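In this note's numbering, the protein residues as written are 948 to 1106.
Any given hint might turn out to be false.
[To be verified] With a straight-line cut-off of 25 Å between C-alpha atoms, the simulated BS3-like cross-links for lysine-lysine are:
(1) K1092 x K969
(2) K1051 x K1092
(3) K1051 x K982
(4) K1064 x K982
(5) K969 x K1064
(6) K1051 x K1064
[What the hints assert, rightly or not] Using C-beta positions, here's what the derived DEER-type ranges look like:
(7) K1092 x D1067: 18 to 26 Å
(8) K969 x F1055: 21 to 29 Å
(9) P1066 x R1100: 36 to 44 Å
Think of the hints as simulated: they come from the structure by calculation, not from any bench. Keep in mind it's a predicted model, so treat the numbers as computed, not measured. Quick reminder that beta carbons are idealized off the backbone N, C-alpha and C, glycines included.
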Amino acid sequence: ITDRRSALRRSLTGRDTYYVAKRRHDTVGWARMRKDVSGNLLEKAHKRMSNIHMYAAIGDVCIEPREQHLGTGTALIFTGLQDMHPNHPVTTYTTTNNLPLIDKLDRFGFTVTGSQKRPDLYGDLEVEEVRLLGPANAELQERMKSRYSWLARSDILGR
948 ITDRRSALRR
958 SLTGRDTYYV
968 AKRRHDTVGW
978 ARMRKDVSGN
988 LLEKAHKRMS
998 NIHMYAAIGD
1008 VCIEPREQHL
1018 GTGTALIFTG
1028 LQDMHPNHPV
1038 TTYTTTNNLP
1048 LIDKLDRFGF
1058 TVTGSQKRPD
1068 LYGDLEVEEV
1078 RLLGPANAEL
1088 QERMKSRYSW
1098 LARSDILGR
């Protein structure tokens, strides 16, 4: 169900990769992932050049409502992780009101490592955003495969 679209594999920074899920000919979801580093601008430049302290970052995951809870988002994330370095730790951000996601990530070894307040994207309210740090990419993939055995089937993931 997952289709990588090379035309979408870029952003203004050139580091984001988009993964698109299709059912028949309809797009039913997408995910954005990137190789990322933390720090100020100078620190980031040094880390990128040396390929150290990199993260496999899960960005946005958007799934059509009728496709939610069917494994579409999981398949997109798993496919994206396969394109990342196996030793890089996995990180993501979400808001504190997204308790189902935080609970799910906790079962895979993610822990909250920080938080900050930011304006809500859909209004004037502030929301609290948390950073979650998970295990190394290869370890997370193994945990995902042991929980969702269907991820090992390459015919499902279009590989």
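Measure nothing beyond the straight line between the CA atoms of K1051 and K1064; if it is 25 Å or shorter, mark the hint as holding. Satisfied, since the Cα-Cα distance of roughly 22 Å is no more than 25 Å.
Hinted pair K1092 and K969, Cα distance within 25 Å: Status holds; Cα separation ~21 Å.
Holds or violated: K1051 with K1092, Cα cutoff 25 Å? The given pair, whose Cα atoms are some 15 Å apart, holds under the 25 Å limit.
Does 18 to 26 Å hold as the CB distance between K1092 and D1067, or does it fail? Distance hint for K1092, D1067 is violated at roughly 36 Å.
Measure nothing beyond the straight line between the CA atoms of K1051 and K982; if it is 25 Å or shorter, mark the hint as holding. Satisfied, since the Cα-Cα distance of roughly 22 Å is no more than 25 Å.
CB of P1066 to CB of R1100, is that within 36 to 44 Å? holds, 42 Å
Between K1064 and K982, is the straight-line Cα distance small enough, at 25 Å or below? holds, 24 Å
CB of K969 to CB of F1055, is that within 21 to 29 Å? holds, 26 Å
Within a Cα-Cα threshold of 25 Å, do K969 and K1064 meet the stated pairing? violated, 35 Å
Of the hints listed earlier, those the structure fails to meet are numbers 5, 7, in rising order.
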